[in-house]
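Each chain is listed here by its residues.
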Amino acid sequence: MPKLNMVQAINFALKEEMQRDDSIVILGEDVGRDGGVFRTTEGLYNEFGPERVIDTPLSESGIIGTAIGMAAYGLRPVAEIQFMGFIYAAFDQIFSHAARIRYRSRGRYTCPMVIRTPYGAGVKALELHSESTEAFFCHMPGIKVVVPSTPYHAKGLLISSIRDPDPVIFLEAMRLYRLIKEDVHEGEYTIPLGKARVVQEGNDVTIISWGSMLHRSLQAVEGYDAEVIDLMTLSPFDEETILNSVKKTGRVLIVHEAPKTCGFGAEISATIAEDAILYLKAPILRVTGYDVIIPLPKLEDHYLPSVERIRRAIEEVTKY
Amino acid sequence: MTVNKSDAIFLIMAEKIIESFQVRRIEILDEKGDADESLMPALSDSDIRRIFELLILLRTFDQRALSLQREGRLGTYAPILGQEASQVGSAFALEKSDWIFPSYRESGVYITIGYPLHMLFQYWALDERGLKTPADFNIFPISIPVGTQVLHAVGAAMASKYRKDKTATVTYFGDGGTSKGDFHEGLNMAGVFKLPVIFICQNNQWAISMPRSKQSTSKTLAQKAYSYGIEGIQVDGNDVFAVYKATAYALQKARQGEGPTFIECVTYRIADHTTADDATRYRSKEEVEMWKAKDPIQRLKLFMEKKGLWTVQYQKEAEDKATSMIDEAVKTSESLEPPQPREMFTYIYEKLTPRQIKQLKDF
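From first to last, the protein sequence lines stand for chains H and U. Per numbering that gives the first Met the number 0, the first sequence starts with residue 0, numbered consecutively. Per numbering that gives the first Met the number 0, the second sequence starts with residue 0, numbered consecutively.
Chain U with its partners taken away, still in its complex shape:
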């Protein structure tokens, strides 16, 4: 059947709109360091200083990791430059008892919650022992496959709901992750069971060489949540206040049994995908420069300066403190005894199999 133009118009006229949605975007702190005071989250001056110092620590960690990698002291590393506000702003809102399911580009989340820094260097130096989460943290080892961790977060949230714990669960992934089946299965389940889980998407515009525009034709990634009956919010991911506020809101919702929230943090991966990548092959210098001007740390610095919370001396102290923490962590990491070959066998099953016992005789 062919439909001519006037029939098509008639069909539209006869239809009813049965569902529509709106996507909120939160922006609080602009590039000049001016904040919309009416939107400011409840953060004390000391909280803001702490956030700033964490941002400095993340950047120092990231730069050190890159230089250690170039010296052959770390393996392939996934940098976080440019995404610090998305990571600190969200993780700073969490309680110690909350569960976190990160991807491989979440060093900043680990650092914000206080994960031992030397263990992060240990892992990126290709020693699995760095992923042994200490008992007082509830962060899962990073997920190397993209998007699969979304389901683990949904499962943990299902368990915490069953146990009636006041725990919230957070999972992190990127714009590329939203194309994976597990992302969709996870959001669907979270919606169906109204789970206390928060999906934090760091839309950093690039999945290795694939730009955001080719990952999905959705205008926003946040709107994908509405397909699953979940609220989706977009925030300026380089605005630490906006990220914090959206996360705090979602956490409150989760703890009150109001179900899941999807937060799209619009940010940018300033560095290469990993140290094994060369981003100049697929994106322009102009684009990177444009995003550098939106730097998350610079704008918080300007804000704090206007508030009298920042001085040159304070900056120097924060950088020195971060440098000495990183120095110490690298030293600790590099002074650890190497793993023993027998340890390959230790954690496959709770008990060794008869065949593994025979194989162990090689060591």
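Chain H with its partners taken away, still in its complex shape:
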């Protein structure tokens, strides 16, 4: 079994799916001849040609809007937005159309489309190249939000996202692109959307995280009897796995890199408060980014939840 990093795993998922189904096309900025600025689409232009790996003009709303038309026509577009900070130009298309077309047309038209975009801080990038604004998309019914944390899961989740009948925002943590290599099956396999995974079992505290913060959480729990959940799909999210774990441990820590206020941790926290408060032994804690604009790299290490901050929160929550 080959050892792949996340860039390679994503590339394999795209390639294998495109070989299987000729309705899948890729479009975005620099995705063709250049193979994508992170090389996630490397080699696909040569294999599938310019009609299936489409280098578009610099036009984020244009990429998403045309992908919607393609999906309505019967294709399965995989659109790439080069960095999450540039997706805002396409909000109107995502929220006003991609999310709603199944509803507005009573199922006559659908939008089976994936929007892939690199997200997150920690790679010493420029302004608007480190955004982690997943919560915006979780607030929009009609959209699914998927965040893989390892190469193996990236491939299986991307294949599921491509085959999903609804629009999926697929967030790829830039910090993880080349950080980890692991065994990734050749050939197709899927990991279901809407299901979290228990990365490690434990009894004293439940840590819930996703994307790149999962790895910091895993480092932080060393020495504790902690259960760690990788949410993987944020919308719709797996309440059952969370609640089962919380009922067992009675303590919860949520870790994400987005700002705290209205971050997706708030939704998880409220869900636990609604459905499992009587099982709690301690307040629900969140270790998150601060309520600030994500700073340039001189300060980003102070912004991102560190292993140390996560560890302090574990100490605090396990005092109860």
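Keep in mind the hints are simulated off the structure, nothing from the lab. You may find that some hints are simply not true.
Unchecked claim - Straight-line Cα separation of at most 30 Å, DSBU-like style, residue types lysine-lysine; simulated pairs:
id: 1; chain 1: H; residue 1: Lys194; chain 2: U; residue 2: Lys350
id: 2; chain 1: U; residue 1: Lys218; chain 2: U; residue 2: Lys163
id: 3; chain 1: H; residue 1: Lys14; chain 2: U; residue 2: Lys163
id: 4; chain 1: H; residue 1: Lys14; chain 2: U; residue 2: Lys357
id: 5; chain 1: U; residue 1: Lys179; chain 2: U; residue 2: Lys218
id: 6; chain 1: U; residue 1: Lys357; chain 2: U; residue 2: Lys320
id: 7; chain 1: U; residue 1: Lys357; chain 2: H; residue 2: Lys194
id: 8; chain 1: U; residue 1: Lys360; chain 2: H; residue 2: Lys194
Starting from the known structure of chain H, arrange chain U on it as the hints suggest.
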């Protein structure tokens, strides 16, 4: 650096003209009902009668929609009075397999292609089920945001080109829509990929209270197409023959792989923006009266009368037929069972989410 007048003249002399463009305008049928026979499109007498009957049907629909709205039987409605020729003339040229991406002021396009009339009333009565396009039509639900549908048309055209289908795609928008970013992104993409798509702009002179002159300082809207390497044509939008001819030409181009065309139909929104608007607040009665004299139906009637295709009796029959069709559609629309609250959940995702399943217990 300051440039004095003689230097400026010198600079102009030294420059070369590296690009120029011309905008064609097509006019065939004038207000007196006289047509330039040399320009007439290939339409049989029965086609012309059919077009006339559609124009009557549109107007009857529009008037009924306004009166139903006043009675509280429809929600806010966007009237089409004055724009009938732009809508019928263009949609009449389409094949059933062509794809259409309309804005919210395209009831006439829906009617021309034969979309079930009762579903139009159903939608304007604020029931989403009216937007469920029947399987044998390829028209997208109307776009409420202005101009965003331009990109969907470009995407469908990209897909049809990839699939090597002989389909053309048409999108409709107004003069206001040409100020939106998605319009420009769409035209740019269509030009770059040489797509089989037709952009039909109904320049009805007003975007709610903003006149055409304040929407853009371009002399024509058609010329915007040239920025994207696309042919732009202006037509008299109240001349159904001119609109038909330009659309038929653009469709032929699209089907032959000759790329996109932009058609500016110069017309006028005689009525208010919607039933929630009062146009007397921002435009003069004289201007409206001037445009009423350019009525698209009246001039076709005069043309047909001269050709022996129109009689008082024929007019009455066309109006009676339209009225009975509209009566029937309103009756059908108003006799439909109301939607069930559970239906709110049915079409968000293909499958209900676990949380939606819990929320459904409220109903």
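Given the proposed pairing of Lys357/U with Lys320/U, does the C-alpha separation stay at or below 30 Å?
Roughly 50 Å separates the two Cα atoms, so the pair is violated.
Straight-line Cα separation of Lys14/H and Lys163/U no greater than 30 Å?
holds (23 Å)
Quickly compare the C-alpha distance for Lys179/U and Lys218/U to 30 Å and report which way the hint goes.
holds (18 Å)
Measure nothing beyond the straight line between the CA atoms of Lys194/H and Lys350/U; if it is 30 Å or shorter, mark the hint as holding.
The given pair, whose Cα atoms are some 14 Å apart, holds under the 30 Å limit.
Run the distance test for Lys360/U versus Lys194/H: straight-line Cα separation, threshold 30 Å.
The given pair, whose Cα atoms are some 23 Å apart, holds under the 30 Å limit.
Taking only the CA atoms, is the gap from Lys218/U to Lys163/U under or equal to 30 Å?
With a Cα-Cα distance of about 37 Å, the restraint between Lys218/U and Lys163/U is violated, given a limit of 30 Å.
Can you confirm whether the C-alpha distance between Lys357/U and Lys194/H stays at or below 30 Å?
The hint holds at about 17 Å.
Are the Cα positions of Lys14/H and Lys357/U separated by 30 Å at most?
violated (38 Å)
In this structure, the earlier hints numbered 2, 4 and 6 are contradicted, and the remaining ones agree with it.
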